[in-house]
Amino acid sequence: MDINLATLLRLSLKSLANRRLTVFLSVLTIAFSVALLLTVERVRTEARTSFNQTISGTDLIVGAPSGDIQLLLYSVFQLGNASANMSWKAAQEIAAMPEVAWTIPLALGDSHKGYRVMGTEAAYFDHYRYGRKQPLAFAEGERFDKLYQAVIGAEVAKTLGYKIGDRMVIAHGMGRHSFKEHDDKPFTLVGILKRTGTPVDRSVLVSLQSIEAIHVGWGKPAVQDLRARFSQKQASGLDESTLQPQSITALLVGINKKTQLFQVQRAINEGKITVSGKSEALQAVLPAVALQQVWQLVGVAENALLVVAGFVVISGLVGLMSVILTGLNERRREIAILRALGARPVQVLLLLVAEAFMLTLLGLLCGSGLFYLLLLVAAPWVYELWGIWLPVNFFSLLELKLLAVIAVAGLLVGLWPGLRAYRISLAEGLSVRL
Amino acid sequence: MSGKSIIALNQLSFAWPKQAKPALQIDAFQLNAGERLFVYGPSGCGKSTLLSLLAGVVVPQAGQVEIAGQRIERLSAAQRDHFRADNIGLVFQQFNLLPYLNVLDNITLACDFSRQRAATLKTRQVSALSEAKRLLSRLLLPEALWQHSVMSLSIGQQQRVAVARALIGAPPVIIADEPTSALDHQSRDQFLQLLMAETQDSGSSLVFVSHDESLKDHFDRHLHLPSLNQATVSQGGL
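Just so you know, the sequences run in chain order A and B.
Be aware that the first sequence starts at 0, since it is given in numbering that gives the first Met the number 0, and climbs by one per residue.
Be aware that the second sequence starts at 0, since it is given in numbering that gives the first Met the number 0, and climbs by one per residue.
In isolation and in its complexed conformation, chain A is listed as follows (with noise of 0.2 Å):
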């Protein structure tokens, strides 16, 4: 009883291959804004996973009370500055409780050619986790261990382009030309690390009592300071244990049983720490918790970027329509030819709904294609100003959902015109004449 589909399916592609320029536009359009929607998706679920894996293992951050988020975002993220410092030996008290399985101190300010240096101890490398646990693994080298001594993250090695052994200088404060240069204290690099992903790749590392040498003679001239620049007039005669930090930026937790955990947070926001008798004011924060206030905070634009995109692809569609539907007057006849040859209107509907469902289809096919186009093009670029390292995967399953939903809106937008040519060859049959 009823013809087959291929039938029409062929007369819909000769049909579409008649009007190639037309039909190439407005598969144009759709691709772009697929590619659009897909991009936007990409970016937005990869930042979060590679926020989500740069801290893992660690229970919580300590720093000077600030926010939440911003103890976070500058501890772990590199982003923004601390606006105070934690004293050290608050750290040592923190270090010190039972409840405590290690902690990695960090103090941040200098850089070294727009990236940062990171001021910490060996405990950095034993304990310090990203991604799925996994600890920090050198590509060259090996830990520092003396005074002078650095090691940088793989993006920081193939920007710079250093090899162990090079002297690297440290500036005070950020950006790539820091007026302030400790230039009379060059560091020897000693360890490179393999990428991890995260922020760790664009940083310079390097002991605690490394900062604090350098440091020794700026600020107000003491008498203390004075001697000390004295002293260091005799080449590295300086001693490392003269070299303790008074205060650190923030610190990195690891508590050893997960059900201490919000005993020990209480403990230190409660300020429970006390140093030198007097308690010291102190924020301690849960990564993921405050990952997640990162997450509410951004979601709102990321949720405007969707939107935006999912109407530029809307607009796509409702270009490809008006393109179909434009086109039906000029198809009246070919509509009565299918009809006289025993086309029934449903089929002249389908042939319509047919049309627009290949093109949008061919319109994902080039979008998708254009998407990984820009990934590969645009990734290097977005993960040397982001950090963000967006990865050539196959589409996500929200990502091909997505793409599902556009799929149908094709169907959908084949359906008016589909519709009209229904009508029209109800209405009219076969008597048109041009």
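Here are some of the chain A residues that sit facing chain B, going by a computed Cβ distance under 8 Å:
no.	residue
1	Thr6
2	Lys13
3	Asn17
4	Ala339
5	Leu340
6	Gly341
7	Ala342
8	Arg343
Going by beta-carbon spacing under 7 Å, a handful of chain A positions derived as facing chain B:
no.	residue
9	Ser14
10	Arg332
11	Ile336
Calculated from the structure, these hints are not laboratory results.
Bear in mind that the values here come from a model prediction, so they are computed numbers and not experimental data.
Every residue gets a Cβ at the ideal spot worked out from N, C-alpha and C, and that includes glycine.
Here the structure of chain A is known, so what remains is to put chain B in place on it, guided by the hints.
Same frame as chain A, but now just chain B:
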């Protein structure tokens, strides 16, 4: 051949939607198998309405339309479309062909839409393509054009391709709606001769509609539609 009814109209009355008065009212009319009928009359006398009824695009509000033994007013819309694909070859005034198919594909398309036509060819042990080629050479269309786009053909050539499509698979009825009106005098005569010869060859009956009475002499039977149509007010000739 004669005597066997191929088209029979009985007590037929039809009005287009939203029209108060009927466009066509015919008490009785019969066409026998193999007959070639010339239907003429001025514009608006109901010619197009008659063709729409015969093609099963519309059904009468009252009366019977019997084609090849089938009461088509009793069929569903889908069944009528199917019936038309199998039993009726249509040739329009102009623009009969799909611009995006070549000459041969336009012709074989009729078989794609009709299993019966395809089956008829099969019993004769010919393929749709070879039958299309046979018809084209009978209709004197140069072989060089067969693979061409139909847009590169002259109107006369296009009309002959349309005849080949109507005739493929030998449907019992060929309906031609002013197929010569866009042709010049010379190609019109040639077209008519070829049409006559080929419908006779396939054994199909022909209903040929025109306002041009000078073509009358080519046909066995003539029908002056205004004389048969009892609907007094002429309308509906869309």
